[in-house]
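With chain F held as given, fit chain Y onto it using these hints.
2 protein chains.
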Amino acid sequence: MHQANASMINPDVAAIPMSKREAIWKAMEGRNDLANLASGNPDMVMPEPVRKAMRKQVDEGYARYTDYYGFKELREGISGMLAQDWSLQANSEDAIIVTCGVQQGLYVVMRSIFKPGDEVIIPSPHYGTYYQNTLACGAKPVLVPLAESGNFVPDFERLAAAVSAKSRAIVFCNPNNPLGVVWSHQTLKSLAEFAQAHDLLVLVDEIYRDYTFNGEPLSIGSLPGMAQRTFTFGGFSKSHLMMGLRIGFVAGPPALMHTVKKLHYCVALCPSVISQAAAQAALACTDADLAPIRNHFAAKLDHLYRRIKALPSVSCVAPGGSFYVFPNFSRYDSDAMTFAIRLIEEAGVVTLPGTEFGKLGQGHLRLSVCATEAEVSEGIQRLETFIHKLHG
Amino acid sequence: MHQANASMINPDVAAIPMSKREAIWKAMEGRNDLANLASGNPDMVMPEPVRKAMRKQVDEGYARYTDYYGFKELREGISGMLAQDWSLQANSEDAIIVTCGVQQGLYVVMRSIFKPGDEVIIPSPHYGTYYQNTLACGAKPVLVPLAESGNFVPDFERLAAAVSAKSRAIVFCNPNNPLGVVWSHQTLKSLAEFAQAHDLLVLVDEIYRDYTFNGEPLSIGSLPGMAQRTFTFGGFSKSHLMMGLRIGFVAGPPALMHTVKKLHYCVALCPSVISQAAAQAALACTDADLAPIRNHFAAKLDHLYRRIKALPSVSCVAPGGSFYVFPNFSRYDSDAMTFAIRLIEEAGVVTLPGTEFGKLGQGHLRLSVCATEAEVSEGIQRLETFIHKLHG
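Here the protein sequences come in this chain order: F and Y.
In this text, residue positions in the first sequence follow my numbering: the first is 1, and each later residue adds one.
In this text, residue positions in the second sequence follow my numbering: the first is 1, and each later residue adds one.
Chain F extracted, bound-state conformation (with noise of 0.2 Å):
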């Protein structure tokens, strides 16, 4: 046999561009002593009632394959969240699917929409799978710059220049990640607005919804006449802490998640039963249950915030939500990964760098509160006393 070479796999497939943080992985192999600051795996375990919930089933014993598309029980659960708490009508039967997380929703939306040739306009930095989704697909990613001196909101005419003929949809998350980030209600509209005056479709991220904590969160596509062209994601890994229990949501117009449905048969067969359970319960939670934990990300995330925001020559655009600030360090090191890995080297801590985000995130870092508030604290304040060190 031939050795593999590029003609026995596919090419768009091999496109995708994968993360660069081995780099990363290998700096931190055999210490123990480091503080990290870089992690999206919250340090903290999952509400009570969910447990119980994943208690009965292994209990019960039984591992039965289930529809499909999730828990017909679960979709109505869902639909009902999103009706109530999202201001979002989406039928249980033709327009919500359970997925094995939002990284199998997005792949499985993206696949089905996109056609080799189709660009898809990513605010950037953006999470990595919007472009590495885009380039298996065949399509384009265009990158539309988020300027830090614009606190990291779309540009409008840049974003208006960014759109051909062949534009298909613009993917964000918000909250943001990694930029930390809320765009505001009327970012939102206008974002609404935009897409229909380019007949775009939306596909929007919300895994960070319950980590807003500059206002109400907005779904873009509960606003007039975005129903039929937005995609929106949803699911319980930051809420809940689920994050390797692989479950959350897709819902979106019933037209094109016909096909979606297909794909989605294809890639899960059905989304695994206990995760299905345990989000279930998820939805039953109460405030009791969640507040204490959203609580507890948003002081960490305030706390890094004030101490990054104090640091000499570093800009940090102030964070509206989720679990991450994405500060600016490039008077120190023009180049994020070199800056990063000297940050594990020299000052024991870890963050990613944010080309990690993209090559438009050069100069940044990602910092994060998973971890507990005692590592968050001293990470701070190695950064704090590395700073000081440099900038003399």
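Chain copies aren't distinguished; within one or between two, either way the pair holds.
Below, simulated DMTMM-like cross-link-like pairs (lysine to aspartate or glutamate); rule was C-alpha separation at most 25 Å, straight line:
1. Lys20 with Asp94
2. Lys72 with Glu29
3. Lys56 with Asp289
4. Lys300 with Asp43
5. Lys140 with Asp12
If you are wondering where the hints come from, they were derived from the structure by calculation, not from laboratory data.
Positioned in the frame of chain F, the structure of chain Y alone reads:
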């Protein structure tokens, strides 16, 4: 916005043909008096060691993201099992990924290696997603009939006639769903020679491997020269009754797995952490845990086969494994779907039409032994009564 139309969706994904089982489900609606010989969902609980590991995971309470490709320890465990029990050499770092079931593994491999225009040889009747995924990749399925008169063993002249310059791979499962047969070691050796002679990749789905009742299982990837051209899919759904946990694996040539891993990340991020914990426990299960499960299904399948074989004007190839037989009822009705619906309505027994496994399944029904012993027995008796009445 213009209404959803073909220009808005990916034509390859839109072309995925879905199961027509809804007609079956509709005929079943409101009936709680049916005996089910259709299900692929075994009516048994997971082994206790698996449930114990799941309880431990829930008690600890964390549900973190894991390594994208599965726990290192789990990949090492799978690698060890493949070496010891399957005679397959697959390195845990380069050659194995843990997937959200075989379904997800099949999709990511097929989409990573097939290109539009490629041809994929599928012995048929076949498990549905081999065909669906081929179309979803824009590739062309080439069905090669498995003749009942030849005990559903591949005819190598027909296989050779199906090969063209565009042929890339052959995809099959062994033991076979829906046919119930297990191909002999000699047949697998001939298939290996065929793949090498025509420079084809081999994708072999061994999800029913532990239900090989007619001798020792043989993995085609273990034959000389096959490691570099074989993707082997396995999992815990059938062997450990973990269907709903969606956890399995694929082992394949590292040079190609490098690309498969990229798509796996985009599709899954990582497999479920609790399902991985269950899979680790599954690897540690002993024969004392598993033999009763195997023996239970073997006894039910043997019973089903003997009774079906005795029906007048019904032919049935002897099963060698799996949960299925695939008898031919064409002397009673030329259309399998029509006959399956008659069986529900007039005999109170649920089966799957052979056409669910491609048009070459016409005239056949797939009967399974996933229901309880009592329900399987009741189903057989109803079928006998009905056939004897028809036969007059």
